[in-house]
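J.: Add chains B and C to chain A, keeping to what the hints say.
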Amino acid sequence: MIPLLLGVSLLTFLLMAMAPGDYFTTLSQNPQISPETIANLKAKFHLGEAWYIQYFYWLKNILHGDFGYSMAYKIPATSLIFERLWNTFLLSFFAMLITWGVAIPLGIWAAVRKDSWVDRGCSLVAFVGLSVPDVLLSLLALWFAAATGWFPVGGTQSPIHDLLTPAQQFWDRAHHLILPALVLAAAEMAGIMRQMRSNLLDTLRAEYVNAARARGLGEGWVIYKHALRNAINPLLTIFGYSLAALLSGAFIVENIMAWPGLGRLTIEAFFAKDSYLVVDSVVMATALLVVGNFIADILLAWSDPRIRLK
Amino acid sequence: METTKPNLNPIALSPGQIFWQRLKRRRIAMVGGAILIGLYLIALFAGFVAPYSHDRLDRDRFFHPPTWPRLQSFHLVVPRYEQQPGNFIYHPVADDVMPVHLFVRGEKYKLFGLIPASIHLFGTGDDKYPVYPLGTDQFGRDVFSRLLYGSQISLSIGVIGILLSFTFGLIIGGISGYFAGGVDTVIMRLCELIMSVPSLYLIIALRGTFPPGMSSAQVYGMIVAILSCIGWAGMARVIRGMALSLREQQFVLAARSMGATPWRIISRHILPSTFSYVIVAATLSVPYYILGEVVLSFLGVGIQEPSASWGLMLNAAQNTEYLKNYPWLLAPGAAIFVTVLAFNFLGDGLRDAADTKSL
Amino acid sequence: MNLLEIKNLKMDFGKGADALRAIDDVSVTIGAGETVCLVGESGCGKSVTALSIARLVATPPANYIGGEILLNAQDTLKMSPGELQEIRGGVVSYVFQDPGASLNPVFRIGNQIKESLKLHKPEKANDAEVIRLLKLVGIPAPESRIRNYPFEMSGGMQQRVMIAMALASEPKLLVADEPTTALDVTIQAQILDLLRDLKQRLGMAILLITHNLGIVGDMADRVAVMYAGQIVELSPARELLRRPLHPYTKALINSVPKLAGGASRLSAIPGNVPRIGNFPPGCRFAPRCPIAKPECSEKIPELIEVEPGRFVRCPFWKTN
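Protein chains in written order, with the numbering used here: chain A, 1 to 310; chain B, 1 to 359; chain C, 1 to 320.
Just chain A, with the same shape it has in the complex:
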């Protein structure tokens, strides 16, 4: 995990270093930043020197929790990064909950009632769902929110948030989170549902399923205890890909629906030519993905004894 993050940070840093123009020149051109700040930054990050020296100091500072200074926001980048990271995490986490919470039961239902109208309906919706691009869905959701006024069109909380009671604050945040999370979840749901259905159908064809029937186990028991337990495992292996897709999708949803997460930060930093911030953002997003994958691996080992013990 750690070597991976190091490698990614190195790669991204290198890419940014190859960008024409640099952080330092843009900084000094900005009249709103005092010369002292620039001098400080230059000392800390050794700006203006060769890229690998810059990388070394960047890494050193990161490990001390110091992400530098954001030109665009004129605040230290550390709190900015973590706030955005948390927002992206929230969005992705709830989207994932919704996705799996809906897709798995639907997939099971479709498999158990194969070729019924439920199954065909789900397949159709899945096809359509898979094909609607995140961009379109986000735009439609935005239009929906603006047209009906039922949902806010951006941000994580309303302007009067601090004046609300804790309970109201919770619902305020939830109200802001729901539409982006739904949009993000909708895109992933179809794939997971189809995968669950296909896994369960495959498992139902296995010999041990018929052997379980032969022992007199009821059909429900056979499906929900024996077959399902095996059908879930392959899904855990695609959990990683699903999370990657979700984080990429979050990038789009954040930018269109004005959800202040890492994706939005990356674009803002990009246009502000704040390459350090871009690097920080990319590394943080990667960290999210890597940790998520790691958790998935643990879940899989716990669930499938063959992986644990072989």
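Hint data in this document are derived by calculation from the structure and do not stem from the laboratory.
Glycine is no exception: its CB is placed at the ideal position from the N, C-alpha and C atoms.
Some hints could be false.
As the list claims (entries may be wrong) - Here are some chain A residues pointing at chain C (derived, C-beta under 7 Å):
hint, residue
1, A211
2, R215
3, R229
4, R306
What the hints assert, rightly or not - Only pairs whose alpha carbons sit at most 25 Å apart, straight line, appear in this in silico DMTMM-like list of lysine to aspartate or glutamate:
hint, chain 1, residue 1, chain 2, residue 2
5, A, K225, C, E129
6, A, K225, C, D127
7, C, K118, A, E207
8, A, K225, C, E152
9, C, K121, C, E68
10, B, K24, A, E219
11, C, K118, C, E170
12, A, K225, C, E170
13, B, K24, A, D119
14, C, K78, A, D119
T.: Showing chains B and C alone in chain A's frame:
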């Protein structure tokens, strides 16, 4: 009593023919394929099918609603619209109509970018009576025409991107899997690295290494390059896995014992066995490349004005006021949806046809 | 009254014009404590026949169009799902060919055996009973084996576990579908010994499906030979092996290579087993039969009792 039937078809078919027969039986896949052929043909002849060029400004008609011809005494006619003063609402003037013809002489363009021509598929021939099947945008440009010219970019990026990255991924994956050992480890670490960054973040980071002001052609090449740089890794990993298991098979051993060079083994024996997977994966991946361009252009870091691309056109729709009043601005979104849907239909059918375990 | 009576069973795969006859007029009986072997080559319908006893064949695509299966005088083809659940395990238990595939890979074997117990003998659903069963089938150190997963055991052991699971519910009839085919020869012998031992101790009836004539000689009281969905000979085992009546049975016995008696050419049966849906008209073995006559291809011969307890489906069975 007997319900048996004699075997009427003892002639053996090649795997390719069997595959084609199975594919033909899947109607959804054929529909998807037909839609795609239609889309690409239209894109090819965009200059001809589009009534106007992609950057023709109609300063009198910003945000003009779609003008559809209607039937009047056996002719298709299109009315003239009048703008309400002060805002962008237009109403058709009842009796002021002009017939719509096929093969009309209009703006000059270059078919396929080479052949100068000026015949368009349809139009009125009179600029006071424009035909805007999908209305105009905030600059008075015909959305339908821009959609068609945009399709040239969006659709071709998909195919070219796939060709590049899959070719690269196939070769690298084949080499990595066949030779295993140190080469394999290094290549796989690189793939892992690339794949552990959520794709859009990496795309933006890569975009940052290019200068901001580039010509349209350069931007196009840049987008293709970026998308391919990311796409090859996934394919390489899968091919490498297949190659690893294939190299243990008997027919590879037989080839080696006959003195075949590694390159020959990889290209003639190992890679062909992966083709059924590759074709399905390619078809199902093109949408991601198209969407990659769409997102880049949408965010303003891809195709720039005044060129047309579906992503760029969707940018205008981000304004909720525009969306509410001028919903035809979402047309590129519908076009993307249809394209992706068609690719998914086709890819799904291909996957079913290749899967010998199913019917 | 016999424990199991299959009477004139007919089953198709598919419906209407595309139907393929898989089981054609099959009749077999098994008395309590008897061991009957169902012999035939791959694709002759013996497995589906055995699975039909507890209606374990999925319908669709299977389609029972005639006959009855009387288990303790009740027709299983007409049983409700609840009744079927009771007889499965309770009256008839199965042991399948590939033990690795028949055990659920993610559950421990102790728990899987307990599951059967909970269903049919709940008062005995505890570790002690599981250990007793594992000992019964000859698994060493059963106390530690309870917590094993199937993939942690060898093929032979997995098959013993399957047999233990089948026995847990104390069935009257054990159906073993090629229980040793997937195992090494030495392990085969052990499993067969086990089955024979269990049969003696528990008085269980066994329906043993196999394509191996050696097993028949070892285990069977009576034998039914199947070819292309039909029973072609039904006899007590000794008689069948000593003096087979149907040309197919004769050819089968002749094609077994003999270790003693000098080198000679292997005698194979010419031609191929007809595939389902491609049966020849009349007697299905006629195209490959050494004594076939023109009238053989005109009408399917009946299964006739030509000697007490011996049935043959061939009018020319007397030909030597």
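J.: For each hint, tell me whether it holds in the structure or not.
T.: Hints versus structure:
1. About 4 Å separates the beta-carbon of A211(A) from the nearest beta-carbon of chain C, less than 7 Å, and the hint is met.
2. Because the closest C-beta pair between R215(A) and chain C is about 5 Å apart, less than 7 Å, the hint holds.
3. Taken as an interface hint, R229(A) checks out: its beta carbon lies about 5 Å from the nearest beta carbon of chain C, inside 7 Å.
4. Because the beta carbon of R306(A) sits about 6 Å from the nearest beta carbon in chain C, less than 7 Å, this interface hint is met.
5. For the suggested pair K225(A) and E129(C), the alpha carbons sit about 23 Å apart, so the restraint of at most 25 Å is met.
6. At roughly 21 Å between alpha-carbon atoms, K225(A) and D127(C) fall within 25 Å of each other, so this suggested pair holds.
7. Restraint check for K118(C) and E207(A): satisfied, since their Cα atoms lie roughly 22 Å apart, inside the 25 Å limit.
8. For the hint linking K225(A) to E152(C), the alpha-carbon distance of about 21 Å falls within 25 Å, and the restraint holds.
9. For the suggested pair K121(C) and E68(C), the alpha carbons sit about 29 Å apart, so the restraint of at most 25 Å is broken.
10. Using a Cα cut-off of 25 Å, the hinted pair K24(B) and E219(A) is violated, with the two alpha carbons roughly 37 Å apart.
11. As the CA atoms of K118(C) and E170(C) are separated by approximately 13 Å, the hinted pair is consistent with the 25 Å bound.
12. Under the criterion of a C-alpha separation no larger than 25 Å, the hint pairing K225(A) with E170(C) is consistent with the structure, at around 24 Å.
13. Taking the CA atoms of K24(B) and D119(A), the gap is near 23 Å; set against the 25 Å cutoff, the hint holds.
14. In summary, the hint linking K78(C) to D119(A) is not supported, as the alpha carbons are separated by about 29 Å, beyond the 25 Å threshold.
Hint violations for this structure: numbers 9, 10, 14, all remaining hints satisfied.
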